[in-house]
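Visitor: Line by line, the protein sequences are chains A and B.
Number 203 marks the last residue of the first sequence (the working numbering); no jumps.
Number 203 marks the last residue of the second sequence (the working numbering); no jumps.
Calculated from the structure, these hints are not laboratory results.
The reader is advised that the hints may include incorrect statements.
Which copy is meant is left open, because identical chains are indistinguishable; a pair holds if it fits in one copy or across any two.
Unchecked claim - Straight-line distance between alpha carbons at most 20 Å, and here's what the computed SDA-like set of lysine to any residue pairs gives:
#, residue 1, residue 2
1, K168, R94
2, K168, D136
3, K148, D158
4, K148, D72
Number of protein chains: 2
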Amino acid sequence: MREFIIVGRNAPTAPEFALDDLPGAGRLDLLARCVTASLLVSHGIRDDVRTHLVLGDAFTVRFDGDSLQGLNPDERSTAALIRTALERRDEAIGHVPVETSPGVSLVRMGLETTLDSLTGESTVSRLHEDGTPIAEVRPPEKAAFVLSDHTDLCPEDAAVVKGHTGLTVSLGPRPLHADHAIAVAHNWLDTSGFDAY
Amino acid sequence: MREFIIVGRNAPTAPEFALDDLPGAGRLDLLARCVTASLLVSHGIRDDVRTHLVLGDAFTVRFDGDSLQGLNPDERSTAALIRTALERRDEAIGHVPVETSPGVSLVRMGLETTLDSLTGESTVSRLHEDGTPIAEVRPPEKAAFVLSDHTDLCPEDAAVVKGHTGLTVSLGPRPLHADHAIAVAHNWLDTSGFDAY
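Pulled out of the complex, with its shape left as it was, chain A reads as follows (with noise of 0.2 Å):
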């Protein structure tokens, strides 16, 4: 199991965004890549993980790999699917998910009611430049990556973050895009730390 918890603090937290214009709705563009670099990969679907997009600190939508139809590879589709999930957000009542398409849900969480909902048995860290080398860590069975959109974590979820989990590791010298560092982050666990290929 891998889960991803992307943070947009700018992003949408209404469907009253413009397809034509996803870098001015909260830089949707840059979510909506996290979202199919966490979950797609040549010709499929990483069946084996969850993906968080915390919108705002007040709505999260989660996109089930094991259970999810309908992602496809560009931008526009997957913001298409955000979009229709924010469209039933009045269906989202107290920590109550609504399956809005096939394995994709919303639910009223934040930063931290999402954190606590993870699963216990996995290894939470926070992707960051200033962490500690990933080459020099062991991979973990179960891992969840939390990253912040083009922003850096804002101190408040900052501490949030800190709350759940001690560990930063750092994926390289150069601070990447979200999508990116994902895609990396799934390589070093597809070849158990840069060793199996």
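Mind docking chain B on chain A? Use the hints.
Guide: Chain B alone, transformed into the frame defined by chain A:
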């Protein structure tokens, strides 16, 4: 210097395509992501990268990191840069490139001529899951990677690539989308072979 040669066999060679349907335009969504994966880091451009997008074996759009301007991370605006380049296809005569926006040029070259045009100093390798594990390869000072789009290279293109390099490297046990493969290849070079963080 790093170069990426991305073979888009079904990519458009004329500007008449819709930005609203990039997957339907010869998978221009994927090709656009390859461009951004090769050239962008968080809040910056990789100025040591040149990316060659080979469209339908007829035209190549070249992105030069050291002079590139106006490249944003999203698919749609990147595809618009490619469309702008193709709008000037009639001006691309012989093998003389036409600069169509800062750092972006169009040249009437297919795969073979594009590979011929590489500076002879680069170590050219094909990225493919059947290759030598990349962790066993020493990162070259100047690397050029050849990748195909969502399909494997056709036999003709594979033969052309084979005529330019005998080196095929694998990034891991799972076949990746081309843009994710680029992110991993960059990380391998950034970290001097998963060594320097």
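Visitor: Against each hint, give a clear statement of whether it holds in the structure.
Guide: Now for the hints, and whether the structure bears them out:
Proximity of K168 to R94 under the C-alpha cut-off of 20 Å is found in neither arrangement, the shortest distances being 31 Å within a copy and 52 Å between copies. Proximity of K168 and D136 under a CA criterion of 20 Å is satisfied intra-copy only: 14 Å inside one chain copy versus 41 Å between copies. For a Cα distance limit of 20 Å, the shortest separation of K148 from D158 qualifies neither inside one copy, at 25 Å, nor across copies, at 32 Å. Taking the shortest Cα distances, K148 and D72 sit within 20 Å of each other inside one copy (15 Å), while across copies they are farther apart (41 Å).
Comparing the model with each numbered hint stated earlier shows that hints 1 and 3 do not hold.
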